[in-house]
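These protein sequences, in sequence, are chains C and L.
Okay, so the first sequence: first residue is 28 according to the working numbering, each after it adds one.
Okay, so the second sequence: first residue is 11 according to the working numbering, each after it adds one.
No wet-lab data here; the hints were simulated from the structure.
This structure is a prediction, so every number in the text was calculated from the model and none was measured.
Some hints could be false.
[Said to hold, decoys possible] FRET-style restraints, in silico, Cβ to Cβ: (1) P130/L <-> D265/C: 44 to 52 Å; (2) P137/C <-> W66/L: 35 to 43 Å; (3) V122/C <-> L80/L: 18 to 26 Å.
[As the list claims (entries may be wrong)] Derived contacts from chain C toward chain L, CB cut-off under 8 Å, selection only: (4) L50; (5) A67; (6) I73; (7) F76; (8) L169; (9) G170; (10) G172; (11) I240; (12) R243.
All C-beta atoms, glycine included, are put in the ideal place defined by N, C-alpha and C.
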Amino acid sequence: MAIRQTPDGPIWRKRTTPQSIALWFGWLLLVLLFVLAWEAMTRNQIWAFVWDAPEQAADLFGRMVPPRWSYMDKLWGPLWDTINIATLGTLLAIVLAVPVAFLAARNTTPSPLLVRPIAIFIIVASRSVNALIWALLLVAILGPGLLAGIIAIALRSIGFIGKLLYEAIEEIDLRQVEAVRATGAGPAQVLDYGIVPQIMPAFAGITLFRWDINIRESTVLGLVGAGGIGLQLKASVDSLAWPQVTLIFVVILGTVILSEWVSARVRAALI
Amino acid sequence: MSGPAVLPDSASERTTRYPRHWRRPPLISNGRLRWAIYAGVLLYLVVGIGAVEVNWGRLSEGWERGLRFLGGFIEPDFVSRWDDIRAGLIESLTMTLTATVVGVLISIPVGIGAARNIAPSTIYLACRALIALSRSLQEIIVAILFVAMVGFGPLAGFLTLTFATIGFLAKLLAEDIEDIDAAQVEAVRATGAGWWQVLDYGIRSQVTPRLIGLSLYRLDINFRESAVIGIVGAGGVGATLNTALDRYEYDSAAAILILIIAIVLVTEYVSGWVRTRVQ
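Given these sequences and hints, build the entire structure.
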């Protein structure tokens, strides 16, 4: 806050003069960056494609409706695969993420200097790569199929579950841990009776949330060959079978809404 | 029924014997339901895992390939495809920045329109419908549609990310506006301020710090997504990565991944730092 003196008396202003100049330059920098970025991005753009985009959109829409409902017969199998990828991937992620979370939490890690940075690194590396990129790598390594999808979902979910879980572990009530330890419990018993019951609600919530996200992600993993309904999507897009694409979009949307409903119901029952 | 002489004895026993063991209550108290759920889970696991076809021959081949890929991480090759990688990264970064700026600019009116406490109900419904549409469609699906409309290249990516930004930012902004302190708005209105002035002095000043934080967070997310939507032809470093993997150039792919992770870490760190400064 600043007050500027004028002949007519002091005037209240929010910022001092240097502050407002700095702010103005900040905005100028942002605008400049934006213009430069826009220039670089559109340098090779063929604008003729863009100007007829509304026509293209109308044309595309015209070809997309009505959806080809008879194609549904071929979608039940891939849909089941998609749900399996999400569910088994989440289960695998739980198995891998729980130990990582305990190693990463400050109050349960065996060694804050040696083990904790490694666990944190695993979490960060897993989180910064999208499931689709993990799937791309795994398909190149393992070949196309469900297994690549499951492992891709699991690798991406380790970071998510691990991060939220280790934060939950760090926030537990230490008095309960101390009380359990005071009864003469060993380290494993302290973990079992003092820590685990406290993080169970958070754990259930995190897992369900991630399962929900994984259902969404697993619907598109097939685009890179990792199984599920995305395979059908890719085949339909590549062969320009737009009525089938519409049906797949509808199925994906329905699955996502259904999974959201299921996870909301289970969450209400558990927590 | 063994006679009255036994009864007082067992009663005294009952009062003096304290429980030596405690078992924690099960998660689901109804035993039958519990076992039904266990059985259902087991059945699902058997069926689900059984459905996964594992081609062991391919897997053992993959083992060698996986090792080669890990080798690529130890010796990433930044040089031989550097021109492609640089072009991809520039596309990703420019897409991210422009899409975030335009997305934020569009989200502000949409977010104001989607706040129940200040928008009339028709506008509220329209804005909420736009947000719901944007949130329920995945980036990659939107990207497929935009590529079909405007052709391959970063412009499709830019449109995709802008559209996704609107759903994310407008929703959170609208919720933030609904949560503001109404007393401040009333105070500004009591001075005789018009609608725009109430918006500027009563509402904007309350939500700006959070808006800046959310925009930076979205910048982060947009970069991550920009690395993905290239797979369907919407420009960016994802396309470069896809090509590198198709050519089995694992060392170049590893280099791209390392760059993506590094940029994500830097943007996350910087945006976290700015957010703590602003809020």
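Checked hints:
1. P130/L <-> D265/C: 44 to 52 Å: holds (45 Å)
2. P137/C <-> W66/L: 35 to 43 Å: Hint holds: Cβ distance 36 Å, inside 35 to 43 Å.
3. V122/C <-> L80/L: 18 to 26 Å: holds (22 Å)
4. L50: violated (12 Å)
5. A67: Hint holds; A67/C Cβ to chain L Cβ min 5 Å, cut 8 Å.
6. I73: holds (7 Å)
7. F76: Holds, about 4 Å.
8. L169: holds (4 Å)
9. G170: Check passed: Cβ of G170/C comes within 4 Å of chain L, closer than 8 Å.
10. G172: Check passed: Cβ of G172/C comes within 6 Å of chain L, closer than 8 Å.
11. I240: Given a least distance of 11 Å, the restraint on I240/C is violated.
12. R243: holds (6 Å)
Taken one by one, the earlier hints fail for this structure at numbers 4 and 11, listed in ascending order.
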